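Build the full structure now, drawing on both the sequences and the hints.
Residue-level listing of the chains:
Number of protein chains: 4
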Amino acid sequence: MQTEFLRILFVGDIVGDVGRKIVIDKLDFLKEKYAYDVAIANIENLAGGFGITKETYDAIEPYFDAFTTGNHVWDKKDFLINIDSMNKVARPFNMPNTKGKPYVIVEKNYTQVLVATFLGRIFMNPVENPFILLNQLIREDLPTIKIIDFHAETTSEKQAFGWFCDGKVSAILGTHTHVQTNDEKILPGGTAYITDVGLTGCHGGVIGFKKQAIIEKFITYMPTKFDVCKEDLRLNACIVDINVYTGKALNIEKINEA
Amino acid sequence: MQTEFLRILFVGDIVGDVGRKIVIDKLDFLKEKYAYDVAIANIENLAGGFGITKETYDAIEPYFDAFTTGNHVWDKKDFLINIDSMNKVARPFNMPNTKGKPYVIVEKNYTQVLVATFLGRIFMNPVENPFILLNQLIREDLPTIKIIDFHAETTSEKQAFGWFCDGKVSAILGTHTHVQTNDEKILPGGTAYITDVGLTGCHGGVIGFKKQAIIEKFITYMPTKFDVCKEDLRLNACIVDINVYTGKALNIEKINEA
Amino acid sequence: MQTEFLRILFVGDIVGDVGRKIVIDKLDFLKEKYAYDVAIANIENLAGGFGITKETYDAIEPYFDAFTTGNHVWDKKDFLINIDSMNKVARPFNMPNTKGKPYVIVEKNYTQVLVATFLGRIFMNPVENPFILLNQLIREDLPTIKIIDFHAETTSEKQAFGWFCDGKVSAILGTHTHVQTNDEKILPGGTAYITDVGLTGCHGGVIGFKKQAIIEKFITYMPTKFDVCKEDLRLNACIVDINVYTGKALNIEKINEA
Amino acid sequence: MQTEFLRILFVGDIVGDVGRKIVIDKLDFLKEKYAYDVAIANIENLAGGFGITKETYDAIEPYFDAFTTGNHVWDKKDFLINIDSMNKVARPFNMPNTKGKPYVIVEKNYTQVLVATFLGRIFMNPVENPFILLNQLIREDLPTIKIIDFHAETTSEKQAFGWFCDGKVSAILGTHTHVQTNDEKILPGGTAYITDVGLTGCHGGVIGFKKQAIIEKFITYMPTKFDVCKEDLRLNACIVDINVYTGKALNIEKINEA
Ligand SMILES: [Fe+2]
Ligand SMILES: [Fe+2]
Ligand SMILES: [Fe+2]
Ligand SMILES: [Fe+2]
Ligand SMILES: [Fe+2]
Ligand SMILES: [Fe+2]
Ligand SMILES: [Fe+2]
Ligand SMILES: [Fe+2]
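Residue numbers (this note's numbering), protein chains in the order written: chain A, 1 to 258; chain B, 1 to 258; chain C, 1 to 258; chain D, 1 to 258.
I should point out that these hints are in silico values taken from the structure, not numbers from a laboratory. Hints may contain errors.
For chains that are exact copies, the list does not tell them apart, and a pair is met inside one copy or across any two.
[Unchecked claim] Mimicking DSSO-like on lysine-lysine, the simulated pairs with C-alpha atoms at most 27 Å apart in a straight line are:
#	residue 1	residue 2
1	210	33
2	210	185
3	88	108
4	254	33
5	77	210
6	211	185
7	77	230
8	88	248
9	26	168
10	230	101
11	26	185
12	225	76
13	108	31
14	76	211
15	54	21
16	77	99
17	217	26
18	248	210
19	54	225
20	88	33
21	108	211
22	210	99
Since we're looking at a predicted model, the values are computed, not measured.
This is the structure in structure tokens:
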């Protein structure tokens, strides 16, 4: 029997081992509190802060229904080798000439959910135009419920994409900046929107990495190694409720849990 | 007689006529609710969305004690002509070879507050290094209480600057992205921090501007005019309480008021 | 009767009134010296240094068979209004959702020449992928002789595009940097290549503009007005000979004429 | 006895093993042809295309009097470890808070030559302002003859710096783009100038690297490995003659030798 709405948990960029730890530690609590139906997470920084490996993927795979990615998704060679067996991973949709699945379809409670990642382009490397390629997902044969992770740098591109997608998809959930924004809302056409879901990992550094080396780089301009930091662990996420008949979002709530 | 703490209201980027309107409309309510001692606002987008004119400055000057700025501060010629008479404006500190005041000193309740603007450099035009120039404000003869607006694009540069300044200034309050972040906190050394205070103006568009033309630009790549939008007006700000003896921040609270 | 080869004159970015003047002054001499069959010029900076107006277009229209453009092509509103009557202008091919002709076909000596502009993307605004869109010009029903202006910033993107197009088009002629490079050659597949054809206008400033204001901007970071400079006028161009049967380039020679 | 002028050979970015080979192969011929007094080379790409190692440094050290560098200079850890023993290397001058020598002083024929590297900032990582820091080299106690490698991306920043330095130093020789430009000249104040000296290494690829992988990256957007290519080896350089009494340049000539 279908429920009237489907509740989605979407976890913001999980960074490194501490990110994997906090997310696994917190999921029971979140499950109990929110009773979500579908769990999705952005994992572009899953392994050591950059990219994904088979081992780190396997460690969190059982806890989620689908994974979104980002500009760092290809950083580890191991990922390209193993991508075909990672069935829950949605590679960036607007990198069409690569391996990996353009989107993932999750089935829960007799309802299907399409999950996809789109990359922004402002202050990022060139990829295909997300505004133009979105159209390829607006088809009768695809699920009405569509959750899009828009992985982008600037607030302007994210807001523009959100408005552009309003009424066409169920949610545009921003990632990449690793800082949660305070602007979650349901747009007039029924699309849930937040500029950035935030960071799941160490909040005591710089976007999840040890601060001292990064500060030094800003002073000396020397290349530096980015090491995942370990303190002030927090899970950043949001909960989106979606009408299963219309695919419209009913509610969005952000989570910032220590 | 000195009070034990000083309460600062800091208003995020005021954009255009609707930004000026909402801020003037709301200040009575905020004054009553928060009883702040000092009011500061970022005004780089005060006039028509880009830059400042004498006329728009005069319209809001009476309501504030000091103003911070940003990368768009020089966009209107009128500003350069009249800058010497705009005593409350702190031009970007790390643009040292320009006109305007490098910082503003406000005196309230027998206590002095230094207000300055620093610009970031990642994905922005080159300016002097903010990390290196901060040192010029760490002097015995300057007020202990220092409020710094860090006007920057990326979360990494903002967080790195926040940690770098921790214990040296009273507050690092981010601006420029026009989206309020959900990460306000007091750093261990006593510096109040938020990645972005947000936008004071129309929240129904793209960073304060009409969405349709901007969406079209993302599809056609054609140059477009940025017009201030008019709906969903909100004031974004934060309140920071500062110990007047030590200059340390005691509390930071964000405001997102329709 | 067809000649065995067609000789093309391609003139690098014509900047402002002095650019228009030097090109008109020199064409008789070049015609006599090189007896070229087809004359093409890049005119993105034709009017006052940025963009094109109907008036400036009309001033040089009689001297050329086709015009290429660039990132600044839309800077003047007048251009958009009059573009439909400017039959010789090839707007950027990888901006497909705009007005203007995607390419121009010139007929000379019973031979057709396709002229197109492609924009680069590295350190430039997003547009469609030039490598992917090139394919749309590789069709039986289009002329075998194809002259492509690749208007791009970096040497790496230009060289990569040159090699990618080798054997597919007659010439990849770089523009945009306003400095002629010393690397003209015929690639193994028969495509003529040069990283940048150079600047037609004032060589006594900074990329065709008055140097003093630009130097000041590098020191003060203040916005500045770019005014076309007037001294050391030079015409930068190249001559490409093309086999009319195969479309292969036989020779490329650069011109740097005071 | 002092000669009337000093002849400088400046070799553009030496890339990888093939770059080291061609430069060593050609120096006898160049020495015979030009009888230069001082030999300088840019070696930011000496080792495998990125950075410098002790071993590759030692291989070419005997052939040159001084070396300039660039943005890639720190890419190999080995360099930082050994930099103190590499006496001929001028690290980027506008990275003041690093190890390495800010400039190198060469003595030949009883005449001293100062050699320094400055980095540009447009489309490059932030460093200190080259226009402002140049002043630190304009001192009575430093040699009158000053050869500056300006390692920068854009033609506008390079030309602006050239004009700014005119009359203050003997030569501004551009590097970094790996493509030689056709604009060498003596500026009115007596400074030799060229926008880019070019590439010493493989000219049959993309800026010295294998083209196929780079072309693929432009199509698929996937990260790729940059391998030094091996064909069409050329040495790019220039010869600058300098009046030993005034430090003014008398002549500049570019070299592009297969
Ligand atoms: Fe991330
Ligand atoms: Fe990312
Ligand atoms: Fe702003
Ligand atoms: Fe700004
Ligand atoms: Fe141009
Ligand atoms: Fe251009
Ligand atoms: Fe290089
Ligand atoms: Fe370089």
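> Given a CA cutoff of 27 Å, do residue 54 and residue 225 count as a within-copy pair, a between-copy pair, both, or neither?
Replying inline: For residue 54 and residue 225, the Cα distance is within 27 Å both inside one copy (23 Å) and across copies (21 Å).
> Using 27 Å as the alpha-carbon threshold, which applies to residue 26 and residue 168: within, between, both, or neither?
Replying inline: neither (32 Å within a copy, 35 Å between copies)
> Given a CA cutoff of 27 Å, do residue 211 and residue 185 count as a within-copy pair, a between-copy pair, both, or neither?
Replying inline: between (32 Å within a copy, 16 Å between copies)
>> Treating 27 Å as the Cα threshold, decide for residue 77 and residue 99: within, between, both or neither.
In response: within (13 Å within a copy, 33 Å between copies)
> Quick one: residue 26 to residue 185, C-alpha cut-off 27 Å, is that within a copy, between copies, both, or neither?
Replying inline: Both: 24 Å inside a chain and 22 Å across chains, each within 27 Å.
> Is it within, between, both or neither when you check residue 210 against residue 33 at 27 Å Cα-Cα?
Replying inline: Cα proximity of residue 210 and residue 33: none, with 32 Å in one copy and 39 Å across.
> For the identical chains here, do residue 225 and residue 76 meet the 27 Å Cα criterion within one copy, between copies, both, or neither?
Replying inline: both (16 Å within a copy, 13 Å between copies)
> Are the CA atoms of residue 108 and residue 31 at most 27 Å apart within a copy, between copies, both, or neither?
Replying inline: This pair counts as within: shortest intra-copy Cα distance 15 Å, inter-copy 50 Å.
> At most 27 Å between C-alpha atoms: does residue 88 with residue 33 qualify within a copy, between copies, both, or neither?
Replying inline: Cα proximity of residue 88 and residue 33: one copy only (25 Å, versus 49 Å across).
> Between copies, within a copy, both or neither: which fits residue 76 and residue 211 at Cα up to 27 Å?
Replying inline: Intra 23 Å, inter 23 Å, cutoff 27 Å: intra and inter.
> From the Cα coordinates, with 27 Å as the cut-off, is the pair residue 254 and residue 33 best called within, between, both, or neither?
Replying inline: Both. Shortest intra-copy (13 Å) and inter-copy (26 Å) distances satisfy the 27 Å Cα cut-off.
>> Reference check for the pair residue 77 and residue 230, CA-CA at most 27 Å: within, between, both, or neither?
In response: both (25 Å within a copy, 26 Å between copies)
Comparing the model with each earlier hint shows violations of hints 1, 9, 10, 17 and 21; every other hint is respected.
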